[in-house]
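Residues per chain are reported as follows:
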Amino acid sequence: MPAPSDLLQYVISGATLGATYGLAGLGFTVIFNTTEIINFAQGEFVMLGGMLAVFAIRWGGLPPALAVPLAIGLTTLVGVVTDRLTIRPVRGRSVIVLIIITIGVSIVLRGAAMLLFGKDTYALPGFSGDESLAFLGASILPQNLWVGGMTLGTLVAMKLYFDRTISGKAMLACACDRKAASLMGINVDGMVTLSFALSALVGALGGAILAPITLTSYDVGILLGLKGFAACILGGLGNPFGAVAGGVILGVLESLSAGLISSGYKDAVAFVILLTLLFVRPSGLFGRRAAERV
Amino acid sequence: MGKQIRVGWLTMLALAWIHTSVQAGEPIRIGAIFSVTGPASFLGEPERNTAKMLEEQLNRDGGLLGRKIEVIVYDDESDATKAVTAVDRLIKRDRVMAVIGPSTSGSTLAIVPKVEEAKIPLISCAAAKKIAEPVKRWVFKTPQNDALAVKKIYQHAKSAGFSKIAILTASDAFGAAGRDELKELGVAAGMTIVSDEVFGPKDTDMTAQLTRIKGTAAQAIIVWGTNPGPAVIARNRVQLKIGLPLYMSHGVASPKFIELAGPENAEGILLPAGRLIAEAQVPAGHPQKAILATYTKEYEARFKQPISTFGGYAWDAIMLVAQAVKRAHSVEPVAIRDALETTRGFWGTTGEFNFSTEDHAGLTEDAFVMVRITKGNWEMLR
Numbered sequence: 001m002p003a004p005s006d007l008l009q010y011v012i013s014g015a016t017l018g019a020t021y022g023l024a025g026l027g028f029t030v031i032f033n034t035t036e037i038i039n040f041a042q043g044e045f046v047m048l049g050g051m052l053a054v055f056a057i058r059w060g061g062l063p064p065a066l067a068v069p070l071a072i073g074l075t076t077l078v079g080v081v082t083d084r085l086t087i088r089p090v091r092g093r094s095v096i097v098l099i100i101i102t103i104g105v106s107i108v109l110r111g112a113a114m115l116l117f118g119k120d121t122y123a124l125p126g127f128s129g130d131e132s133l134a135f136l137g138a139s140i141l142p143q144n145l146w147v148g149g150m151t152l153g154t155l156v157a158m159k160l161y162f163d164r165t166i167s168g169k170a171m172l173a174c175a176c177d178r179k180a181a182s183l184m185g186i187n188v189d190g191m192v193t194l195s196f197a198l199s200a201l202v203g204a205l206g207g208a209i210l211a212p213i214t215l216t217s218y219d220v221g222i223l224l225g226l227k228g229f230a231a232c233i234l235g236g237l238g239n240p241f242g243a244v245a246g247g248v249i250l251g252v253l254e255s256l257s258a259g260l261i262s263s264g265y266k267d268a269v270a271f272v273i274l275l276t277l278l279f280v281r282p283s284g285l286f287g288r289r290a291a292e293r294v
Numbered sequence: 001m002g003k004q005i006r007v008g009w010l011t012m013l014a015l016a017w018i019h020t021s022v023q024a025g026e027p028i029r030i031g032a033i034f035s036v037t038g039p040a041s042f043l044g045e046p047e048r049n050t051a052k053m054l055e056e057q058l059n060r061d062g063g064l065l066g067r068k069i070e071v072i073v074y075d076d077e078s079d080a081t082k083a084v085t086a087v088d089r090l091i092k093r094d095r096v097m098a099v100i101g102p103s104t105s106g107s108t109l110a111i112v113p114k115v116e117e118a119k120i121p122l123i124s125c126a127a128a129k130k131i132a133e134p135v136k137r138w139v140f141k142t143p144q145n146d147a148l149a150v151k152k153i154y155q156h157a158k159s160a161g162f163s164k165i166a167i168l169t170a171s172d173a174f175g176a177a178g179r180d181e182l183k184e185l186g187v188a189a190g191m192t193i194v195s196d197e198v199f200g201p202k203d204t205d206m207t208a209q210l211t212r213i214k215g216t217a218a219q220a221i222i223v224w225g226t227n228p229g230p231a232v233i234a235r236n237r238v239q240l241k242i243g244l245p246l247y248m249s250h251g252v253a254s255p256k257f258i259e260l261a262g263p264e265n266a267e268g269i270l271l272p273a274g275r276l277i278a279e280a281q282v283p284a285g286h287p288q289k290a291i292l293a294t295y296t297k298e299y300e301a302r303f304k305q306p307i308s309t310f311g312g313y314a315w316d317a318i319m320l321v322a323q324a325v326k327r328a329h330s331v332e333p334v335a336i337r338d339a340l341e342t343t344r345g346f347w348g349t350t351g352e353f354n355f356s357t358e359d360h361a362g363l364t365e366d367a368f369v370m371v372r373i374t375k376g377n378w379e380m381l382r
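Protein chains in written order, with this note's numbering: chain A, 1 to 294; chain B, 1 to 382.
It is possible that some hints are incorrect.
Claimed, not checked - Computed beta-carbon distance windows for the label pairs:
(1) Phe303/B <-> Leu70/A: 48 to 54 Å
(2) Ser163/B <-> Leu77/A: 56 to 62 Å
(3) Glu264/B <-> Leu152/A: 51 to 57 Å
(4) Leu116/A <-> Glu26/B: 51 to 57 Å
(5) Ala65/A <-> Arg93/B: 39 to 45 Å
(6) Ser167/A <-> Lys52/B: 23 to 29 Å
(7) Pro134/B <-> Leu70/A: 44 to 50 Å
(8) Ala65/A <-> Pro306/B: 28 to 34 Å
(9) Ser163/B <-> Leu136/A: 53 to 59 Å
What the hints assert, rightly or not - Per the computed footprint, the stretches of chain B lying under chain A, defined by three or more beta-carbons under 8 Å from a beta-carbon of chain A, are:
(10) 106-118
(11) 143-153
(12) 194-202
(13) 246-253
Calculated directly from the structure, the hints in this document are not laboratory data.
All residues carry an ideal CB built from backbone N, CA and C; glycine is no exception.
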């Protein structure tokens with residue numbers, strides 16, 4: 001039986017790892033809520049957040065405190081451009097067409113990043129140093145606290161936005177029924193653009209605060225996108241709280257199975273549990289049952 | 001009219017003469033397949049650069065047997081299928097005398113049947129033991145076998161008094177091969193493996209595995225993988241304040257590893273490496289000293305990037321072919337092959353090559369030295 005401090009270490013490691021999945025997953029929910037599109041370029045937004053921050057420091061000589069906001073801003077811009085160039089010209093097509101377009105966008109973004117930044121892996125310095133802190137016999141990096149704090153902060157901000165503001169509610173209305181929303185005077189195209197901007201912003205924020213822990217390269221988006229998507233599905237697609245909770249659960253499962261069962265099977269264990277859960281609750285842990293569309 | 005015919009004849013004769021003279025001086029063609037792009041580009045790029053640099057140098061010094069040499073490089077994009085297409089092109093269209101590369105073991109094993117069928121010698125720049133074991137008539141390789149690295153680590157661990165070790169290996173081809181060797185050679189070296197952990201090559205957090213190792217009786221940890229995984233492990237180890245000595249494989253013997261892990265997290269890590277990375281510390285009398293110093297200086301001046309062990313594999317492969325051509329005094333593939341097999345005491349950047357009918361890898365443990373990472377630099381031990 002492992003020592004309690006070891007168990008605590010597994011849970012803490014898993015939770016911070018899971019917060020990264022959750023943060024990557026949050027962006028999925030925003031675009032899904034407005035357009036019902038699963039944006040497969042979400043992982044690339046996360047990658048851009050990290051890579052642009054790294055290169056703002058390396059090429060621009062900026063301090064990290066400036067480089068990170070700059071990277072997030074630029075990625076948000078990429079999100080807007082993505083919508084204007086690829087999604088808006090084909091609006092009104094079936095959702096599956098749009099989803100396939102986002103896959104194309106992800107390949108283009110990944111390729112462009114490879115040509116621009118090269119194929120190496122890069123590290124970003126931790127925001128508050130790399131000295132680990134002891135906590136009840138387990139150790140935590142300051143950057144882990146940043147990830148946890150930022151994830152919670154983003155979650156609360158998004159919850160407030162969707163529940164309390166007119167534009168947040170307008171965004172949800174677009175997902176329920178575009179035509180009705182448009183008849184009620186909501187600028188649907190504008191809302192879609194806004195949702196791409198918002199999800200790129202959340203993704204880039206995630207990418208930038210993750211880069212000091214996970215390192216970054218042009219192709220990290222694939223895995224983060226996949227794990228983030230799994231987190232969304234686990235938590236219930238479209239529910240921001242569900243995405244983060246799903247991510248944390250997935251991370252803790254991986255870490256516990258690596259620590260207690262076998263590191264060789266950690267992904268398998270986590271995904272078997274994920275599948276079993278979805279079999280029992282197809283709409284995810286915190287998802288509402290999908291309303292049947294007529 | 002008659003005059004015109006005469007002029008025509010003369011022109012044709014002149015053309016024919018030019019043509020034959022071109023054939024006599026036609027360059028010696030050596031084919032090369034490297035993973036210049038894709039995930040294995042950290043191998044292929046320095047290899048391509050090295051091959052091109054040597055081509056120029058050899059030609060500047062008068063070529064081989066009075067003929068220019070031409071190195072034709074194709075990029076397999078780290079994809080074994082593309083390596084097969086490339087070798088077909090090299091053999092059938094470019095009619096090369098020998099093939100060097102590919103960069104990865106997977107690509108090498110994929111093209112072996114092609115070179116055997118065409119009877120063209122292949123000198124691989126990939127490490128897997130399977131390439132040269134069992135010996136294939138037409139296939140040689142330049143990188144050290146994984147087993148040599150494992151032996152070197154065990155020697156060091158034994159002399160430091162360790163007998164219980166934990167291994168942490170990547171779940172890719174390189175990590176799995178290392179894991180097999182570590183387990184196989186552990187018994188003979190008197191090592192007990194008390195913990196056998198695995199990590200995914202793309203994983204971003206290895207604290208769970210390290211915490212598990214911390215709870216065992218291990219006296220040292222051996223990590224087998226290529227970047228970025230081992231860099232994450234080096235960071236996690238410091239984060240968890242694990243004081244056990246950490247050994248890594250030669251797969252991280254590049255400055256990139258120290259950069260990714262951060263010098264403070266890489267401090268004290270021990271690994272076997274070719275002498276190339278610690279070239280400045282090789283003693284002056286050593287037979288490799290001059291080769292390493294010249295190669296490092298010329299490569300860094302030419303490409304404005306630090307030297308890499310992997311480029312050295314291509315250096316060895318090309319120079320092995322060059323010396324074989326000179327000794328055989330022929331450019332027939334079969335003559336080159338026979339000369340390669342009788343190569344003795346050839347010093348390359350990796351070590352001393354002694355090929356024979358039983359050994360197409362040609363190196364011993366001496367091709368490795370143990371290095372320690374000290375203040376962000378390689379420190380050669382003993």
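Hint by hint, here is what the structure shows:
1. Phe303/B <-> Leu70/A: 48 to 54 Å: violated (31 Å)
2. Ser163/B <-> Leu77/A: 56 to 62 Å: Given about 58 Å between the Cβ atoms, the range holds.
3. Glu264/B <-> Leu152/A: 51 to 57 Å: At roughly 30 Å between Cβ atoms, Leu152/A and Glu264/B fall outside 51 to 57 Å, so the hint is violated.
4. Leu116/A <-> Glu26/B: 51 to 57 Å: Distance hint for Leu116/A, Glu26/B is violated at roughly 41 Å.
5. Ala65/A <-> Arg93/B: 39 to 45 Å: violated (56 Å)
6. Ser167/A <-> Lys52/B: 23 to 29 Å: violated (57 Å)
7. Pro134/B <-> Leu70/A: 44 to 50 Å: Between Pro134/B and Leu70/A, where Cβ atoms are some 57 Å apart, the hint is violated.
8. Ala65/A <-> Pro306/B: 28 to 34 Å: holds (30 Å)
9. Ser163/B <-> Leu136/A: 53 to 59 Å: This hint is violated: roughly 33 Å between Cβ atoms.
10. 106-118: violated (count 0)
11. 143-153: With 0 residues in contact (Cβ-Cβ under 8 Å with chain A), the coverage given for the stretch 143-153 of chain B is violated.
12. 194-202: holds (count 5)
13. 246-253: Coverage by chain A is violated for the stretch 246-253 of chain B (0 residues, Cβ < 8 Å).
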